[in-house]
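Which chain is which? The protein sequence lines are A and B, in order.
With the numbering used here as the guide, the letters of the first sequence map in order to residues 1 to 138.
With the numbering used here as the guide, the letters of the second sequence map in order to residues 1 to 138.
A hint or two may mislead.
Heads up, simulated BS3-like pairs for lysine-lysine below, C-alpha to C-alpha not over 25 Å straight-line [stated by the list, open to error]:
hint	chain 1	residue 1	chain 2	residue 2
1	B	Lys17	A	Lys116
2	A	Lys116	B	Lys81
3	A	Lys116	B	Lys116
4	B	Lys60	A	Lys115
5	B	Lys127	A	Lys116
6	A	Lys17	B	Lys116
7	B	Lys17	A	Lys17
8	A	Lys116	B	Lys115
9	B	Lys116	A	Lys127
10	A	Lys17	A	Lys64
11	A	Lys102	B	Lys81
12	A	Lys58	B	Lys17
13	B	Lys81	A	Lys115
14	A	Lys102	B	Lys58
15	A	Lys115	B	Lys127
16	B	Lys102	A	Lys58
17	A	Lys127	B	Lys17
18	B	Lys17	A	Lys60
19	A	Lys115	B	Lys120
20	B	Lys17	A	Lys81
Using C-beta positions, here's what the derived DEER-type ranges look like [claimed, not checked]:
hint	chain 1	residue 1	chain 2	residue 2	range
21	B	Gln130	A	Lys66	46 to 54 Å
22	A	Lys81	B	Gly112	21 to 29 Å
23	A	Gln123	B	Gln130	42 to 50 Å
24	B	Lys120	A	Gln98	36 to 44 Å
25	B	Lys115	A	Lys60	36 to 44 Å
26	A	Ile48	B	Gly35	31 to 39 Å
No lab work stands behind these hints, which were simulated from the structure alone.
Small disclaimer: the values here were computed from a predicted structure and weren't measured.
Glycine residues also receive a C-beta, built at the ideal position from the N, C-alpha and C atoms.
2 protein chains.
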Amino acid sequence: MRSDCPLNFGLEIFGDKWTLLIIRDLMFFGKRYYGEFLESEEGISTNILADRLAMLEKQKIIVKKKSSTHKQKYIYSLTQKGIDLLPVIITIGLWSDQYATKLNPHRDIIIGEAKKNYTKGLQVVTKRLQQAHLQERD
Amino acid sequence: MRSDCPLNFGLEIFGDKWTLLIIRDLMFFGKRYYGEFLESEEGISTNILADRLAMLEKQKIIVKKKSSTHKQKYIYSLTQKGIDLLPVIITIGLWSDQYATKLNPHRDIIIGEAKKNYTKGLQVVTKRLQQAHLQERD
Chain A
1 MRSDCPLNFG LEIFGDKWTL LIIRDLMFFG KRYYGEFLES EEGISTNILA
51 DRLAMLEKQK IIVKKKSSTH KQKYIYSLTQ KGIDLLPVII TIGLWSDQYA
101 TKLNPHRDII IGEAKKNYTK GLQVVTKRLQ QAHLQERD
Chain B
1 MRSDCPLNFG LEIFGDKWTL LIIRDLMFFG KRYYGEFLES EEGISTNILA
51 DRLAMLEKQK IIVKKKSSTH KQKYIYSLTQ KGIDLLPVII TIGLWSDQYA
101 TKLNPHRDII IGEAKKNYTK GLQVVTKRLQ QAHLQERD
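One chain only, chain A, in its complex shape:
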């Protein structure tokens, strides 16, 4: 905690090149297991991944539970606090969409809804995430 500035508060938590990519994977690519995050094309290392997952859990942005179908595995879910990071992800995606010369198909998956209508798009995706992450399931 370097200051009590609201921008600094957020950056102290997710202001690095990796944390929001994990959130992205949880939000848009249905990744819920440790091994799935490791497979993302940016090539996160296992020690950074373990560090960030532990931090996100401590910050109550994600929760970790024993998987009911794979007893030896943990399943990760977003909390409401984590789902509320959606506008941060979307605004970064929209900025990139405006200024990057080349983007992969993640574009449509991540910002498709919000590009049509920002407010409504956020609502649609938030609801989808709440159904997938906040309910008891596996």
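Dock chain B against chain A, hints included.
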């Protein structure tokens, strides 16, 4: 460039704990000179500041010009590409406002307008920034 994902594109540029604080200072605290950025309470070091300013200039997010009033100094301005980072700053601020237990008066300065009305607030601040940064002045 680790991938062509739109989230990764943005994070490769400003996904660190310092870059968006410099943008914040330009956007909300009228800071335009090197020495002014150094004075922010988070205590950025001069080597990190110099590195990030050079990167932001290379990315055309800011421009550097000789000051007309202080010939030995450079004045930094946001470009439209830089001003378009406003929603990223604001959504981080709004998330922090929701989840931080303690925030300093930056809160009202940064997210005051957007909290009243997100869309209108962004328009108001964008216009203010365009007037302060995109026109020939010093």
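Exercise for the section: Return the numbers of the hints above that this structure violates; sort them in rising order. Expected result: 1, 6, 17, 23, 24 and 25
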